[in-house]
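Residue numbers (the numbering used here), protein chains in the order written: chain W, 1 to 193; chain Z, 1 to 430.
Keep in mind the hints are simulated off the structure, nothing from the lab.
For each residue, glycine too, the CB sits at the ideal point set by N, CA and C.
Keep in mind that a hint or two might mislead.
Just so you have them, the derived chain W footprint on chain Z, three or more residues with Cβ under 8 Å [as the list claims (entries may be wrong)]: (1) 71–82; (2) 117–123; (3) 131–143.
Below, in silico cross-link-like pairs of lysine-lysine (BS3-like), each with a Cα-Cα straight-line distance of 27 Å or less [claimed, not checked]: (4) Lys-29/W / Lys-73/Z; (5) Lys-186/W / Lys-73/Z; (6) Lys-367/Z / Lys-426/Z; (7) Lys-73/Z / Lys-171/W.
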Amino acid sequence: MKNIILPAFILLVFAQWLIPAQMIWQKDKVSSEGYLHRFQTAPVDPSDPFMGKYVALNFKETSKTMSHNKDRYNGLKIYVTFFTDNNGYAQIRDISRTIPLHTKDFLETTINYTVPEGDSDRIYINYPFNRFYMEEYKAKQAEGAYNNRSADTSNKTYALVSIHEGDAVIKDVFINDSSITDVIRKINSSRKD
Amino acid sequence: MNKQWFKEIQELVAAGILTEETAQNIVSYYQLKKENEPNRFTIVLAILGALLVGSGIILIIAHNWDDLSRLIKTIVAFLPLVLGQSLCLYTLLKQKQNAAWRECSSVLLFFAIGGCISIISQVYNISGSLTGFLLTWILLALPLVYLLSSSTVALLCIAGITWYAIELGNFDRVIGIPYMYVVTMALVAPHYYYLYKTRPASNYISLLNWMLCLSLTITLRSFITNPIGYEWVLLLYLVLFCIFYYVGRFSFFEERNRMANSFRLLGVSGTLFILFLSSFNLTWKQFDIDEQSNIFFILIPFICIVCYLVWNDFRRRHIKMQEPTGFSFIIFILAIHSAYFSVSLSVFVVNAWLILIAIYYMRKGSKEDHLGVLNFGLSIMAILAICRFFDSSIDFIWRGMFFIITGLGFFLANYFLLRKRRQRHKLINT
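Please work from the sequences and hints to get the whole structure.
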């Protein structure tokens, strides 16, 4: 028994390294090989006890009307494909329960809730990329920057997301085509001046 | 060794009750025992320190340093992990017998694992689910319970997996049944058994008992799908508390300090809480069960377990008068069934049962000359009186009578018990 403790500990150390390393590798792959989509957003700023401050993203395009199916329930695993509309934002093309065979540009997610609409159902989905992490103080400023601009409906806020074989990575959040980090940097430098 | 105790031994030697040699043997025995025991205070301080440092790591990581490059941030994420792992390795190689080192290093590594996954999630903007994060964290930390024999990590793992179960099946909606909760608890069980066999008097056993009881109470609800028919959920909880009550009556738990017997304490208080809750008319509203609910698949095995425990208790004790608290689940089953005919009948059954429990404890306290038990019975009666005070369906006159009788009961019962004691003391003195 005593002889196996040390090898078992080394195995555990290996596993404790492997999991975060695998997370990095997986997200790097999605980031480099994925298909880019722009999702229109409405950020707010909460905090997470473990993961620091982030800008929480609420997406405008979260639902699609589909024919009624009694087997659909909240939390059901689904696969979503997207297309780009005339304004350059991602829109839901299709929602299916099976993996799309002819493309790698699909997202694996779950049904949030369903609302009956006559003979059809409006299906609301969960986006698994709803947090953009920022430094504690900057996340607060980001919220302020967004709130100032959201009053003006001509402002465009969106998240640039890379999607690959079901997985997704949020690359940046933009306010009027400027990265939210640059917007905050500009605000800070103008305050100093 | 206690100075007072040493003085008393010297006194016994002087009085000729103990020989010099026996006294010396006693002193050396306790000195040796004390030297071999780990210093509890040092262990507590070390664990507290590790918990604070661990929480500090989580908070510093939560700051999310934007000015650092992604590579530096990734290295920073792995630093606490390397530190924790190195300390654990050192403990395994050099300080294996030192409980403070074992607990401290494993607690630090426990928090470092959580910190590492968190910072990687931030740096790479991985949203993920809290349940997935907690489960990964706990499964990566759980082997430390066995490799470093760390009971603090066992406690932290139970706390973490309880959180996971709450997240998965919270009070508003059930996302999924937390099966991994059962798996994790089963993985912690051998450590509990090891402690039970090797160090039955250990404080960790008491802490694990408390954690286990609280965790089971909190998470039971997460296992029920479609929990419509709240009376049945109350029954399930009542059966759980009756199970706790009978487990608390096992000799291993009964021999322990009263506060350390979490099963007994939570069993009795939980049972009474549910009975008081059900003594109101308002509670009995929704006893029709949802056909899709899985509650009976949980309830039936639970009832089988409690029936076995009742039978086992009867077999071991051979006493005529059993405490009624443990049978509350039977009364509650009767009350639920009578609710289909008349809700008032169910409320009456529960109230009558509470009065019976109160009378039982009052009688027991008086018989055993125990003021605590006597007043416990009277307190049940008083709480019931307060509950009925808010019941507008009962006439003022009856409510008033109930209050007066309870108040008089408190005064007279205590008075007669104390008088009985004084008379006995007088008899002994004369």
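Going through the hints against the structure:
1. Given as covered by chain W, the segment 71–82 of chain Z passes the check, having 4 residues with a CB less than 8 Å from a CB of that chain where 3 are the minimum.
2. Counting residues of the segment 117–123 of chain Z whose C-beta lies closer than 8 Å to any C-beta of chain W gives 6; at least three are required, and the coverage claim holds.
3. Coverage of the segment 131–143 of chain Z by chain W holds in this model, with 4 residues showing a Cβ closer than 8 Å to a Cβ of that chain against a need of three.
4. For the suggested pair Lys-29/W and Lys-73/Z, the alpha carbons sit about 19 Å apart, so the restraint of at most 27 Å is met.
5. Only pairs whose Cα atoms come within 27 Å are accepted, and Lys-186/W paired with Lys-73/Z is accepted, the gap being roughly 24 Å.
6. With a C-alpha separation of about 19 Å, the suggested pairing of Lys-367/Z with Lys-426/Z holds against the 27 Å cut-off.
7. Proposed proximity of Lys-73/Z and Lys-171/W is supported: the alpha carbons are some 17 Å apart, at most 27 Å.
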